[in-house]
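Enquirer: Read off the chains here:
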Amino acid sequence: MSDDALSDDTYIRKFGFRRFTGVRQNRVYRIIAVAWFNLIEAIRRSGFTKMLLVFMFFSILIQDVLIIVISWFLPFIGDPMTINELFRDAYADSVLGMVSLVNRITVLQFGFMPFNISSVGISFIWLLLMAIVGGGLIADDRLHRTTEVYFSRISRLEYMIGKLMSLILFSTVVIVLPSIIQYFLLSYGLETDLLVNIDLMFWGIGFTLLAAFILSLIILAMSSFTKRRAVATLTFFIAAIVMSSFYSALGLAQSESMILLLDFVGAIALLGAMALGYESLDINGRDIFFNNGIGVEGPMVIAVVLVVLVLGILALILTLFRRDS
Amino acid sequence: MTTDAFKISDLSKFYGPTMALDKVTIAAPKRAVGLLGPNGAGKTTLIRILMGIIRHSSGSGTVLGYDFCDSIQAIRDHVGYSPEFTPMIPDVSAMKYVTFMGKLSGLASVEAAQRAHDTLHYVGLAEERYRPLREFSTGMMQKCKLAAALVHDPDLVILDEPTDGLDPTGRQQMLDLIERLYKDEGKSLIVSSHLLFDVERVCDWVMVLGRGQLVTSGEMSSLLADTSGMLRVRITGDALSFSRKLTARGLEVEIDSPFLDVKRDNGTEMAILEEVNRDPNVSLRYLGSRTRTLEDVFISIVEGRELG
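Protein chains in written order, with our numbering: chain A, 26 to 350; chain B, 104 to 411.
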């Protein structure tokens, strides 16, 4: 359209329709658009979520500061551990604590109190936040029939990845970022060399991302089953707590019973500890060995995590890719 | 460049044992195409297949020249779709919603926001664009859906029941908008509606579906053209007495108050004019070919076929 023609236009045309002459962005951009939009909207519309987020950040901050302060007043006695070993155990324990629910999974052999208190309660808040944010991600779209609009612009796979990414991004803020901050705070508090234990920080990032991915997958699968966000949220949260409680509730906490493996969130923590090279862990005050041929063994933990992963993927695919739904 | 908005061949769709489309073959031109049919005829199913929302059971086809098996993403980028129902993200403003839709269609953030402003202005939601969608009336939501369908500047716009639930004023505004899209902006349209007047007003090419099959298709003008060979007359005065006079002259007359339909033959027009001239109490108001409305056509082909 020429400039002359434009100058004669009415108000409507002046502010109205015009041709798009730019370049369309690639598919990844659209997935990120889905992820970002859903993340922001999920947080924005829920006051409770915002409140929990603030509470969680302060909780992490206070715990870490507390550890540093206490370690100043309780001089470290270097027998039988070195300060570096204590740092590694304390950090691993703290990060594992973020992903273990009812069962207290710890790698600290000597019950060193200041470090044991880190991350207590964080896993509950994280799980609750995930349930609140993730519960409505697909359920709301199905309720308001927004899926039709999505699928007329992007593929189902892009939609699924976008939604998954929004939850993983959320978890990044809620547990991955705190795990990184904790690394620096603990390192500062215990005066260890940052670079010597840098592998531990990458483990923390990888482990929390893996946990975020698996739990995001499950909550999304739950969300895709129903049109009611409350149903998805409560089902996920209650299921995670109940499954996690069996081990303690059935009076088996003092054994190596395989009931422990029902705690699928805890199983991720066990896998994380195994990945770091621990061959035994303290669970609810009792040592569990991964390679002693009794009860819970390493391959079982891997199998449980894989089964949860596969079930989550299958459930999502079955509901989302049923194209005529 | 293809001249067809879409072209399908032997397209079938089954929902379990239920057949929604039965080997439909058609090529719709890049014009304002009306997609007509009674409830359950397969209109929405056809649209959803064209957009790649659902998969067809058999057959093949293209939209704007893109094969909808191989190039569904290209189709989605070049087609705007406004669904029949109201998809909503209740707490989001119209501006955010349309911007997001633009981003999903591959527009960069700034471009998407600018175009969202423009299209919301265009559809008449300039003042309301920052209000949350949950506060929108049906009419405003229809306009918002149209803005979302237009934000990425599609070549083809598919509107499924665009006037559904609108009051007369809202309907008029929506039809004006659709007409403007076609005539001023040069967009190809597919308008699916069971409101025949709407289709008759904005479309110039029609396809009619019935029970999952293509009943008829073609130019609106030829579809509405009367093939009975009748002349339509309207007079002031005593129509009954006038019809008797015409009958007395050997003309075949049907009364369709306030009109008289006269079988056209050689010299019929002249005979009518002579009778009008002869009677001082009669004056001629209309003389021309009898026309049909889309409703007449629809009833005769869809319902007639179903009865048959």
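Hints were generated in silico from the structure; no laboratory data involved.
Computed from a prediction, not measured in an experiment: that's the story for all the values here.
Yeah, the Cβ is synthetic: ideal placement off N, Cα and C, and Gly gets one too.
Some hints could be false.
Stretch-level coverage of chain A by chain B, calculated; a stretch enters the list once three of its residues show a Cβ under 8 Å from a Cβ in chain B [said to hold, decoys possible]:
{"hint": "1", "segment": "61 to 73"}
{"hint": "2", "segment": "165 to 171"}
{"hint": "3", "segment": "305 to 312"}
Enquirer: For each hint, tell me whether it holds in the structure or not.
Expert: Taking the hints in turn, this is what the structure says about them:
Residue count for the segment 61 to 73 of chain A with a Cβ under 8 Å from a Cβ of chain B: 4. That meets the three needed, and the coverage hint holds. For the segment 165 to 171 of chain A, the proposed coverage by chain B is satisfied: 4 residues have a C-beta within less than 8 Å of a C-beta in that chain, meeting the threshold of three. Three residues within the 8 Å Cβ limit are the bar, and the segment 305 to 312 of chain A against chain B gives 0, so the coverage statement is violated.
Hint check: a violation occurs at hint 3 only; the rest are consistent with the structure.
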